[in-house]
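The chain contents come next:
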Amino acid sequence: EAQVTQNPRYLITVTGKKLTVTCSQNMNHEYMSWYRQDPGLGLRQIYYSMNVEVTDKGDVPEGYKVSRKEKRNFPLILESPSPNQTSLYFCASSLSDPTGNYGYTFGSGTRLTVV
Amino acid sequence: GENVEQHPSTLSVQEGDSAVIKCTYSDSASNYFPWYKQELGKRPQLIIDIRSNVGEKKDQRIAVTLNKTAKHFSLHITETQPEDSAVYFCAAPDGFSGGYNKLIFGAGTRLAVHP
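Line by line, the protein sequences are chains P and W.
Going by this note's numbering, the final residue of the first sequence carries number 1211, and the count climbs one at a time with no gaps.
Going by this note's numbering, the final residue of the second sequence carries number 237, and the count climbs one at a time with no gaps.
These are computed hints drawn from the structure, not numbers from a lab.
You may find that some hints are simply not true.
What the hints assert, rightly or not - Below are the SDA-like pairs computed for lysine to any residue, each with C-alpha atoms no more than 20 Å apart in a straight line:
#1 W:K159 x W:T191
#2 W:K164 x P:P1135
#3 P:K1167 x W:G123
#4 W:K164 x P:K1153
#5 W:K164 x P:A1098
#6 W:K164 x P:R1140
#7 W:K164 x P:T1118
#8 W:K159 x P:L1107
#9 W:K144 x P:I1173
#10 W:K144 x P:P1135
#11 W:K164 x P:G1136
#12 W:K164 x P:K1167
#13 W:K159 x P:S1176
#14 W:K190 x W:S140
#15 W:K144 x P:N1103
#16 W:K159 x P:Y1198
#17 W:K144 x P:T1118
#18 W:K180 x P:S1120
#19 W:K179 x P:N1103
#20 W:K159 x P:Q1099
#21 W:K144 x P:L1107
#22 P:K1153 x W:G123
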């Protein structure tokens, strides 16, 4: 089944403790992205990657890191999480850039709480 | 960069009525406008999109219209059903140097369809 898999689905952590949210897709998509969803703010892009070893900042990249060493994986790293990073996070992938002929396939989401 | 505004933020209709959600964008060069539906507790999913070379696109009970001059596009749902209850997001491309490789989402509209 074609899908984007995120783990974990839920995570509660403490301020300053490094964490990684994994994202993997099995569709050979070139484009992958991370969004955060907050009430009243919609989906805001954190980082995106147009291919292996090619990453770029979205609109809210502060406090996050990403890497794209393999085509299928695009982990999101929070080196020192803070309470304002409490949010619902979505990984998304697209065959090519999402403004082309292909839409996004989203993962199931990761609800992160930083206390 | 692109700015997308979405209205209304909440919409309540009776089953069988029509619902209209409107988005405005700022970049006159934008050429692709998708709509995503997010049911409660689930991931966003692409439901319809439109390109700037057409003014309207239909898919059963949903349609999207585009007014390039006024820089707005709208989602129309006819004969609404309870399963249409969800949050709907519009989006538009953002980019620079001639390449559009990001999607900017609106803040979302929570649609409630009452039986």
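Structure-based check of each hint:
The suggested pairing of W:K159 with W:T191 is violated, with an alpha-carbon distance near 26 Å, which exceeds 20 Å. The suggested pairing of W:K164 with P:P1135 holds, with an alpha-carbon distance near 15 Å, which does not exceed 20 Å. Proximity of P:K1167 to W:G123 is assessed by CA-CA distance (about 28 Å); at most 20 Å being required, the pair is judged violated. For the hint pairing W:K164 with P:K1153, the CA-to-CA distance comes to about 26 Å; that exceeds 20 Å, so the pair is violated.
At most 20 Å may separate the alpha-carbon atoms for a hinted pair to count; W:K164 and P:A1098 meet this at roughly 17 Å. Annotation: proposed proximity of W:K164 to P:R1140 holds, straight-line Cα distance about 17 Å (limit 20 Å). Straight-line distance between C-alpha atoms of W:K164 and P:T1118 comes to about 18 Å, which keeps the hinted pair within the 20 Å bound. Proximity of W:K159 to P:L1107 is assessed by CA-CA distance (about 25 Å); at most 20 Å being required, the pair is judged violated.
The suggested pairing of W:K144 with P:I1173 is violated, with an alpha-carbon distance near 35 Å, which exceeds 20 Å. For the proposed pair W:K144 and P:P1135, the alpha carbon gap of about 19 Å is at most 20 Å, so the pair holds. Simply put, W:K164 and P:G1136 have alpha-carbon atoms about 17 Å apart, close enough for the 20 Å limit, and the pair holds. As the CA atoms of W:K164 and P:K1167 are separated by approximately 25 Å, the hinted pair breaks the 20 Å bound.
For the suggested pair W:K159 and P:S1176, the alpha carbons sit about 33 Å apart, so the restraint of at most 20 Å is broken. As the CA atoms of W:K190 and W:S140 are separated by approximately 23 Å, the hinted pair breaks the 20 Å bound. For the hint pairing W:K144 with P:N1103, the CA-to-CA distance comes to about 34 Å; that exceeds 20 Å, so the pair is violated. Between W:K159 and P:Y1198 the CA atoms are separated by roughly 16 Å; this keeps the pair inside 20 Å, and the hint holds.
Between W:K144 and P:T1118 the alpha-carbon distance is near 35 Å, which puts this suggested pair outside the 20 Å criterion. Of the supplied pair hints, the one linking W:K180 and P:S1120 is violated, its CA atoms being roughly 33 Å apart against a limit of 20 Å. With a CA separation close to 36 Å, the supplied pair W:K179 and P:N1103 exceeds the 20 Å bound. Of the supplied pair hints, the one linking W:K159 and P:Q1099 holds, its CA atoms being roughly 17 Å apart against a limit of 20 Å.
About 35 Å separates the Cα atoms of W:K144 and P:L1107, which puts this hinted pair outside 20 Å; it is violated. Between P:K1153 and W:G123, the direct Cα distance comes to roughly 13 Å. Compliance with the 20 Å bound is thereby established for this hinted pair.
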